[in-house]
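K.L.:
Here are the chains, one letter per residue:
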Amino acid sequence: MSAEPIANQTPTKARGEVVLEVEDLVKHYPIKAGVFRRTVGHVKALDGVSFQLYKGETLGIVGESGCGKSTLGRTLMRLEEPTAGKVTFDGIDMYAQKGGAMRRLRRDIQIVFQDPYTSLNPRMTVGDIIGEPFDIHPDVVGKSGRKVRVRELLDLVGLNPEHINRYPHQFSGGQRQRIGIARGLALNPKVIICDEPVSALDVSVQAQVVNLLGELQREFGLAYVFIAHDLSVVRHISDRVGVMYLGKLVELGDEAQIYARPTHPYTQALLSAVPVPDPTLREAREQIVLTGDVPSPANPPSGCRFRTRCWKAQEICSVEEPPLIPRPDGTSEHDSACHFAEPKAVF
Amino acid sequence: MTDQQSSEKDVIARDVAEDSTTAGIEPGVEEVSIKGRSLASDAWIELKHNPLFWVSAVLIVFFVTMAIFPQLFTSTDPDYADLARAREVPSPAAWFGMDSQGYDVYARTIYGARASIMVGLGASVFVLIIGLVMGVISGFAAGWLDAVLSRFGEIFIAIPLLLGGILLLTIYPNRAGDPYLLIVGKIVFVISLLAWPRIMRIMRSSVIQVKPTEYVMAARALGATPLRLIKSHIMPNSIAPVIVVATIDLGAYIAVEATLSFLGIGLQPPAISWGLAISQASGLGSVRNAPHMLIFPSIALSLTVLSFILLGDAVRDALDPKLR
Amino acid sequence: MARAVEELELGPRSEQWQPTDGRLLDVDDLFVEFRTRDGVARAINGVSFSLDEGDTLAILGESGSGKSVTAQAIMGIIDSPPGFITGGEIRYCGTDILTLSEEKRRAIRGPEISMIFQDALSALNPVFPVGWQIAEMFRIHRGTNKSDALDAAVTLMDRVSIPGARQRVKSFPHQFSGGMRQRIMIAVAIALDPAVLIADEPTTALDVTVQAQIMGLLKELQEERKMGLILITHDLGVVADVADRIALMYAGRIVERAGVFDLYRRPAHPYGEGLLESIPRLDQKGEELSAIKGLPPNLTRIPPGCPFNPRCRYAQDVCRVDPPPPLREVAPDRVAACHFAEDVLAGEAVRTDVR
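Residue numbers (our numbering), protein chains in the order written: chain A, 94 to 440; chain B, 1236 to 1559; chain C, 3 to 357.
Check before you lean on any hint, since a few could be wrong.
As the list claims (entries may be wrong) - Cβ-Cβ distance ranges computed for the label pairs, FRET-style:
(1) E1389/B x S389/A: 31 to 41 Å
(2) T206/C x P416/A: 34 to 44 Å
(3) I1303/B x S292/A: 56 to 66 Å
(4) T373/A x E331/C: 20 to 30 Å
(5) V1368/B x H135/A: 27 to 37 Å
(6) V119/A x R168/C: 51 to 61 Å
(7) K148/C x I1534/B: 53 to 63 Å
(8) D117/A x R227/C: 46 to 56 Å
(9) T1300/B x T206/C: 55 to 65 Å
(10) I409/A x E1389/B: 55 to 65 Å
(11) Q1444/B x H135/A: 18 to 28 Å
(12) E312/A x S163/C: 17 to 27 Å
What the hints assert, rightly or not - Here are the simulated lysine-lysine pairs, BS3-like style, with alpha carbons at most 30 Å apart:
(13) K148/C x K106/C
(14) K1283/B x K240/A
(15) K283/A x K1466/B
Calculated directly from the structure, the hints in this document are not laboratory data. Everything numeric in this text was worked out from a predicted model, so none of it was measured. For every residue, glycine included, the Cβ atom is placed at its ideal position computed from N, Cα and C.
Turn these sequences into a full structure, and let the hints guide you.
P.N.:
Below is the structure:
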């Protein structure tokens, strides 16, 4: 973890204390087959992911579908029990908590989902949806203050408090996502896991929601784990970025390090593939077109998992798995999991 | 951003201003409007404006009243037979005519409601209770418990409702002089025993669809207990297909009673029921000679079944905010 | 197969459909509405554009802008009811295809104008092998026999770079990855060598690395076959990468039509301007995104005046009162539908949203 400040770079937020520490998180889903549902293998959705999240920062997690980023979000929320690994929140071992203690812990970590059309109960009014956190945690806001607080929350996310009695389908996608954010904020969490919070939204509305998230972060000192496949949005909102491939983090660093000086071939390919809204760059940009598809997470390649699609792959890549350790990126160093890590400016 | 956001709020506010149903700005009015809006109360408001609901509700109240207080609707004694007037066609004296034994068809149609309604409602209530509970447990718990409950249900669903009724009533036949309630109870029992897996299966698959949705996950992330998940998220979103099927089935249960009576193993004369009346009216020659014997109990039976189906449809629609 | 024979009797396409001066498709003042329970949704309100051989036109817009409905209208696959084409012409090689019989339109769909969809998994039939589905095009439209059609299918699968085409021709759609499925759908779409290919969000459901592969393939095929390509998307990045011209849609109208370089350099319509400013850029780290305020309008209640006026930062009284401004030429080869297009283009429009 390269936590030291880096020279000649736009100053990022001063790094505070660690609020969430993820150590070697593993989540394998059994594949069952046959009449007796015997386990014939495992989908290795998460295979040893470690990182730290600092207070008030945004850690972006990017990767393609099937890389395990959504599983990461759900496991961090303990919506899924991990196969192995440890998550410490403010010094508390999250997976060791039970019953009331776990419920207490849930106040501090909340989640905002991707699809604003399925993440809100269609048969509950907006007031009930945002008020539900207080039903579950009655000691946060008493019964009498509940209505007032719900209206405050609606106002906070830019919705009209008068709409408390409306149903989700009466709102547009962007407004529904605001409702989801208000629900996430209700218990004053310290960490919010954003699982693709804007990818289902229209471009013009996406910006509104991204701005809202930024504003709320500044106001309440929230830390975000921002999971997305859109690298542009992630760059915009993140202080640090982690790149995932087949259940593992392959590169982790400051936003500028990842985007300007990526050292892992996968990150480079990913960045080069993103179409940039500027036709004049059409010819100028060198696109690294990866061949083939992502291998199945049930049967990942030996050694480095990216080697089957990598143009740098050599003997060692199939034998020895490259660890995620600080490697030089030209200006400084940041974590990368490649034997042949070297910086390459993609644009 | 702040000004953009507030201007968006303005847009929404304008929206509201157009929307006359939204409460005014004065704080006093607001408080009232905010209180006590829930799915149930909104559904009720919706139902109140649905003419189909009123038609079906009035019909159901009418038939249920008929079942409880038949004497309110007629002063004719249904057990008084006048063979001389047998098969008389409808007239001002006997609105629905007389049957083959000289009973007044109108009076017997009124008095016959009790058996049908008791069987229909009684069986539906038990079937729903068992089916819903089993279905929710099975769908929510998944795994081995689900497998056990599902296989258990399949044992019963393998036996056709009518065959089960015939079997039970053949093995434990009614004796002359058996109390009326015992016979009705037997029919309700056999229907409840055999019909619940149908509801359970529908509920189970419905629950399985709702359980992995993001709003259920969001509630879990908030720390909601399983009971709460079921009560406020899973049940309201999975019950719609059950309501529809249950009301259609209610008609089928009434028909089972009628069929059993028709076959001579359900209710027996001197008991009065629509099933018995239809059975007697469908006897040889009767249909042609005295069609009114068949028509009037049949209409009563059809109307009852139809009004429950209509009610089910109306309730299901009212519980879906998207259809408002 | 009676239908197939009938269609074949229409003769070889090369004779019947010949573009004049390279002009393939002319959409002229098209109107489409959907009559729903909640009222009439005016999905398309006077859309006009044209497409030449070898041309790539991007129709760019957000959900509800009418971009997909436009494609469906050209293909003749709008569900009716509730959808109705209430005005306008769609001329293919000079013939208004809206007046043709359903039989004749079916003969155009496939051999002449073809379409690929966003979701390949639901666009392909899950119970038939992919090779069979590609071969079906030849069998129905050309009456090719079974084994020849299957051979042609293998050739096509090779062409769209599906590895091991010969072995995989009998596989089912679910046995392929998303990117491969999209390739199969492209193979089906280009099977009969259409003159126009409509791609409705072809890469939206795909990962970026696969997206690049698919866009590359489409570009290649287009050059190889001189197809006119209509690319329907909301992704400004994809458009910038491949399109020649752009039609920007909002609330069922084209609000700006221009060459791709012109539009990205300087939009002439405030909506285009807002859109370009609101997307985060991969190659720069900005502070705050400049979002367009408000929401796209409900198509059953499009605001009076210019439909964009409630969200526009330059809106004045004229925008709220006058009928929607028509598209007019604001610079050579570019048209925009804004009262102040020249000012916007010159960067001199007056903001009216700052209080």
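K.L.:
State for each hint whether it applies.
P.N.:
Hint by hint, here is what the structure shows:
A C-beta distance of roughly 35 Å is found between E1389/B and S389/A, which places it inside the suggested range of 31 to 41 Å. Distance hint check for T206/C and P416/A: the Cβ-Cβ separation is about 36 Å, which falls inside the suggested range of 34 to 44 Å. Separated by about 59 Å at the C-beta atoms, I1303/B and S292/A satisfy the suggested range of 56 to 66 Å. Take T373/A and E331/C: their Cβ atoms lie about 24 Å apart, and the range 20 to 30 Å holds.
A hinted range of 27 to 37 Å for the beta carbons of V1368/B and H135/A is consistent with their spacing of about 35 Å. V119/A and R168/C have their C-beta atoms about 40 Å apart, which leaves the hinted 51 to 61 Å range violated. With their beta carbons about 59 Å apart, K148/C and I1534/B fall inside the hinted range of 53 to 63 Å. D117/A and R227/C have their C-beta atoms about 52 Å apart, which keeps the hinted 46 to 56 Å range intact.
Roughly 59 Å separates the CB atoms of T1300/B and T206/C, a value that falls within the hinted 55 to 65 Å. Between I409/A and E1389/B, the C-beta spacing of about 57 Å keeps the proposed range 55 to 65 Å intact. Separated by about 26 Å at the C-beta atoms, Q1444/B and H135/A satisfy the suggested range of 18 to 28 Å. Checked against the hint of 17 to 27 Å, the pair E312/A and S163/C fails, with Cβ atoms roughly 50 Å apart.
The hinted pair formed by K148/C and K106/C meets the criterion: a straight-line CA distance of about 25 Å does not exceed 30 Å. A hinted pair counts as satisfied when its Cα atoms are at most 30 Å apart, and K1283/B with K240/A qualifies at roughly 27 Å. For the hint linking K283/A to K1466/B, the alpha-carbon distance of about 29 Å falls within 30 Å, and the restraint holds.
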